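Chemist: Residues per chain are reported as follows:
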Amino acid sequence: MNDADLIARYNYDEFVPEKFGPWMRFGESPPLGEPAPDFHLWDLEEKETSLKEIWSQSKYTVVEFGSFT
Amino acid sequence: MNTIAEKYADQGVGSIFLYTHEAHPGEIYPHHTSMEQKHQFARDLRDILGVTRPIFLDVLDGVCHRAYGSMPNMTWVFNRSGIPVYKSDWTDVNSVEQALEYFIDVARRRRDGQRLAPFHAERLDYREQDREAFYKGLERNGPKAVTEFKEAFG
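As given, the protein sequences belong to chains P and R, one line each in that order. Each residue of the first sequence is one higher than the one before, counting from 4 in the numbering used here. Each residue of the second sequence is one higher than the one before, counting from 810 in the numbering used here.
Looking at chain R on its own, in the form it has when it is part of the complex (with noise of 0.2 Å):
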């Protein structure tokens, strides 16, 4: 996600990364209890994950998270008057770029002089699963993360 933010950036899109709260918690990484320590989690994973596009916070209680459907790695799409024009459930690289594309193509076609008038489509995406990486980033968090994963999903 950081390689689409640089390669759409000078096309008029932003991109931001909105930390919630752990998933999984674990030892290392456990759940949040105060936004002292919400904001330093955040800080450590943009040290740790490399994460390059401006990381916010909403409140301890998630309000902004819950509000749109509080899934651990959701991706959303905004125009400029707030409006959403894409909404995933999971994150998924490939899918969000061929919505940007999409949409930055909409702008040519309405410069082209067509007459664009919106609609709602669904279409379900796949994502690849990286089952190491995902044990990766639980055993970060710590072993009880582990766990507990495995109990709920075997």
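Okay, chain P solo, but in the shape it has when bound (with noise of 0.2 Å):
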């Protein structure tokens, strides 16, 4: 799968199983008690920063994902 691909499976454009479903993937997800992976991300002023930065900040970090719906 291409980078054009994936961005436009993962941005699918119609709610129906076949294109929710592979996505998902909570099963497959990191395990608690080991060290996650970090990623860039950026706040609505399109300033950049990383999960790892905001992580740091807090003695805890409560990372809510989600969209519209």
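None of these hints come from the bench; they were simulated from the model. Do not rely on the hints blindly, as some may be mistaken.
[What the hints assert, rightly or not] In the DMTMM-like style, the derived pairs of lysine to aspartate or glutamate whose C-alpha atoms are separated by at most 20 Å in a straight line are: (1) R:Lys953 <-> R:Glu941; (2) R:Lys953 <-> P:Glu17; (3) R:Lys959 <-> P:Glu48.
Since the model is a prediction, treat every value here as computed from it, not as a measurement.
Both chains come to you apart, so use the hints to assemble them.
Modeler: Structure below.
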């Protein structure tokens, strides 16, 4: 799968099981208790940061993933 | 979730919202095709849903979201070292708050001199299903989102 295919599949254009189903992968997510992967993130002013920068600032950091729905 | 973010902010707990992809793309908020659009939708989400926590985005292919299981509304809690200590495949404020209370109490127990070792526990939590609010969210994205959800789940 090339980058364009991945972007199109991840940002599926209709909510049908064959398109959203493959992304429901919680069972494959990182385990608790082991270092988690870090990623670049951007704030709403498009300033770059990272998950690591964010979680380093607090004893605990709550990260809610979501969208309009 | 905004409420518990404010409630626990002075106890060393940070909270963010990570905007991902539109789980139910519609005519008004369709699937993402550019980062400019993703940023604009995230700003709209802040204003329309009233998210007061800092909002962040990953890249257009959702590499961060995918790495953590790509569920539409999951919540993770990390400690300062980047170790995940809580994860749930759906966001429920009661579940998250119970977890925070537990971890804050762990810190207190350690301060009191208890020697504590981590272990893994699993638990099935329960969330309230607000069908009316959910459908309002779908309608916000557009009629297509409502139709497709009904066709998928009846």
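Chemist: All the hints need checking, so say for each whether the structure fits it.
Modeler: These are the hints, each one checked on the structure:
1. R:Lys953 <-> R:Glu941: 17 Å, holds
2. R:Lys953 <-> P:Glu17: 8 Å, holds
3. R:Lys959 <-> P:Glu48: The given pair, whose Cα atoms are some 36 Å apart, is violated under the 20 Å limit.
Violated hint: 3 only; the structure is consistent with all others.
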